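Protein chains: 2
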Amino acid sequence: MSSENFSENFQFTNPPGWNMVWRMTAASSSQKDIPAGMIDLGIGQPSPWLLPTETIARAAAHCSSHPGRMLLSYGTEQGDRSFRAALSGFLEEIYAMPVEPAGLLVTNGASQAIDLICTLFSQAGDTIFVEEPTYFLARKIFADHRLKPIALPMDADGLIIDAMEEELGRSRPAFVYTIPTYHNPTSVCLSAGRREQMAELSRRYDLTVVADEVYHPLAYTSVPPPPLARYCASAKIISLGSFSKILAPGLRLGWLQAAPATIGHMVQCGLLDSGGGVNPFTSGVVRSAMELGLLNQNLALLKDTYSRRMQAMCAALRRRLPESVQFADPAGGFFIWLALAEGMDAGGLLSKAIERNVEFMPGFKFSSRQGLKNFLRLSFAYYDTPDLLEGVERLAAVIAEG
Amino acid sequence: MSSENFSENFQFTNPPGWNMVWRMTAASSSQKDIPAGMIDLGIGQPSPWLLPTETIARAAAHCSSHPGRMLLSYGTEQGDRSFRAALSGFLEEIYAMPVEPAGLLVTNGASQAIDLICTLFSQAGDTIFVEEPTYFLARKIFADHRLKPIALPMDADGLIIDAMEEELGRSRPAFVYTIPTYHNPTSVCLSAGRREQMAELSRRYDLTVVADEVYHPLAYTSVPPPPLARYCASAKIISLGSFSKILAPGLRLGWLQAAPATIGHMVQCGLLDSGGGVNPFTSGVVRSAMELGLLNQNLALLKDTYSRRMQAMCAALRRRLPESVQFADPAGGFFIWLALAEGMDAGGLLSKAIERNVEFMPGFKFSSRQGLKNFLRLSFAYYDTPDLLEGVERLAAVIAEG
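Going line by line, the protein sequences match chains A and B. When the count follows our numbering, it moves up by one through the first sequence with no breaks and lands on 402 for the last residue. When the count follows our numbering, it moves up by one through the second sequence with no breaks and lands on 1402 for the last residue.
Do not rely on the hints blindly, as some may be mistaken.
Coverage of chain A stretches by chain B, computed from C-beta distances (three or more under 8 Å per stretch; other residues unrestricted) [as the list claims (entries may be wrong)]:
(1) 51-62
(2) 75-81
(3) 141-148
(4) 261-273
Straight-line Cα separation of at most 27 Å, DSS-like style, residue types lysine-lysine; simulated pairs [unchecked claim]:
(5) B:1032 <-> A:148
(6) B:1148 <-> A:148
(7) A:373 <-> A:32
(8) B:1140 <-> A:140
(9) A:373 <-> A:352
(10) B:1148 <-> A:140
Only part of the chain A face toward chain B is listed, based on derived beta-carbon distances under 8 Å [stated by the list, open to error]:
(11) 45
(12) 71
(13) 111
(14) 161
Hints are computed from structural coordinates only; laboratory data are not their basis. Please read these numbers as outputs of a predicted model, since none were measured by experiment. We put the CB at the ideal spot given by N, CA and C, even for glycine.
Turn these sequences into a full structure, and let the hints guide you.
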């Protein structure tokens, strides 16, 4: 893997010499082993060199030198107050709206938040509404809780709210799971008007809406509509956020935002009561990162890096792929969603791609009704531009061969 | 709160001056606010001065200076291999038996492990077997999952296995939840013979046994029988461990030990797949604490401190309480379980106790069948001996008044 912008960004991340060590050691503990020579465009996680080792080292040292910040005891169920205060300041800037610390609950990341919501707001056999496509691992969490997803269609403006309302005439789900901003895998944004409609439906049907807004801060080419978090006070919206996309996945730290009544209900649960919150120690370290300005610095680096990669990759795709392959340039987030010609099978293409040392995520993984066979997801989060361009070359050759 | 052994132990914990700061700041972020002047003997958590701020500061600095240890990416579902290797070394010493890293799964602590087991091994409406009494917050997690506990009797040798076998003739639970060593709240140890029987029943009935062994390392006056973890390979035992009792609750880090097939099943779940394990970053810090010998040092300090407090408290209870109040000196763990005279109501006594600035946990909280009204739980984990003795004085006065 090579590294565009490497020298100019280096000071934000690792001290000299670390990078090589990091790359060698990261492999042995990472979630997916990538074979040598393979360019896996399916991977939706930050490049090893973008992991903020220096930032976390500084934050941990700062936290360690202020004993009141080092949260080693059982904490409050909702999460440390000072941490939530710092987080609300960060979110107020990102969201351009007031965010009350009282409306925030600390989580182990969006995955744990989804898991907890399943436990507290549904039970085995319940239906839920999801988008078609939707985040493939959220699907797995729902399956672990034996929930039955009903897939709702999307278009270029996100989830089609009229279709959702029609479905509400037939069945009442335990909750709706939506990814309104820079959707995974499509990168589509739910339009501002539809966000209003979603909040209105939540109120009218007393419907819990779980809005996975983890990509919201990663805006590149335009400002997204206000987050669904905006409607937390006036509708049954639970908005999920995470430090996984803006700082480091390994921290397993995130938050959810909701109405005081919802937070009040959730903090009563056994998991939070017994554990004393879910991640006090790490929240102390990340509070230091926020207060030292390191989170904002890191986010600026990520946005700059991802934005440039995204533009280079989209240009290459447009140049190299046949016109029958369609996609929209994402305005933020991690992903490019390719539509092959109707009738093409991305799953079948994948085995040929692997022979050419390139991988992607086939669309069927994101489908709740065994569809989306001619789609595939690419990401620009892991590789630097030269590798992305090489990956596009290989992919184009595979597609050309059919 | 005063601090016996304060000066001699100080070097293990905080640099000079920290202690006051810590006490002031800890209050604002702790799970339970204790009113000024109150001695709450119900609290089952370490004294603020026993929280290893210096240890974690050193471990975090060590981890930060070795980039390969700083686990900031999505990790493997099972938890970092090097961390599990260090943990297996620690456990082999404590348990005096071989512990394979492959048989360990990293958790966010026992509470999260219980929650995950409920999700993966049961569904709403299932019955489970628990001890009477059992850990009151595990009860809450089971209730969140809408499980129906069947309470099994205990005696001085722990859960009565014959009663469990009889119950198995009537119903098959999703799993059995047991606290075999230094039981919460009774501090009783399941005898070695009954552990054998438990493993045998697990095999015979293909029964999942969740053994909450978090207090096992805190042995004071005798060596406990081998943990149920010993039978993981030969029976369907899932043994839970945690750094909450031996290092710091705020880390939210623990582990479970089980047969490879069980681990293999669990790592397939959506929560671990989507999150990339549950606590990679913290596991890197704690790996440093283990490899630097700091965990063993901390455990020695805890055992020494708790052991002396426990002996002083038991002596005071025996001296000050009427003979109608019965209890056994614990050989380890956190708790003393008092039996008031039959017909007494500990719940009613509590309001009188609060007037005298002393609190405890009334027994009914630990009951799954609204019993145990004449029992109460005390802990020696939070207060130093002078406060414990003052608490015993106050409690004795309340009991004497009836």
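Consistency of the hints with the structure:
| no. | hint | verdict |
| --- | --- | --- |
| 1 | 51-62 | holds (count 7) |
| 2 | 75-81 | holds (count 5) |
| 3 | 141-148 | holds (count 6) |
| 4 | 261-273 | holds (count 4) |
| 5 | B:1032 <-> A:148 | violated (39 Å) |
| 6 | B:1148 <-> A:148 | holds (24 Å) |
| 7 | A:373 <-> A:32 | holds (24 Å) |
| 8 | B:1140 <-> A:140 | holds (25 Å) |
| 9 | A:373 <-> A:352 | holds (16 Å) |
| 10 | B:1148 <-> A:140 | holds (26 Å) |
| 11 | 45 | holds (5 Å) |
| 12 | 71 | holds (5 Å) |
| 13 | 111 | holds (4 Å) |
| 14 | 161 | violated (27 Å) |
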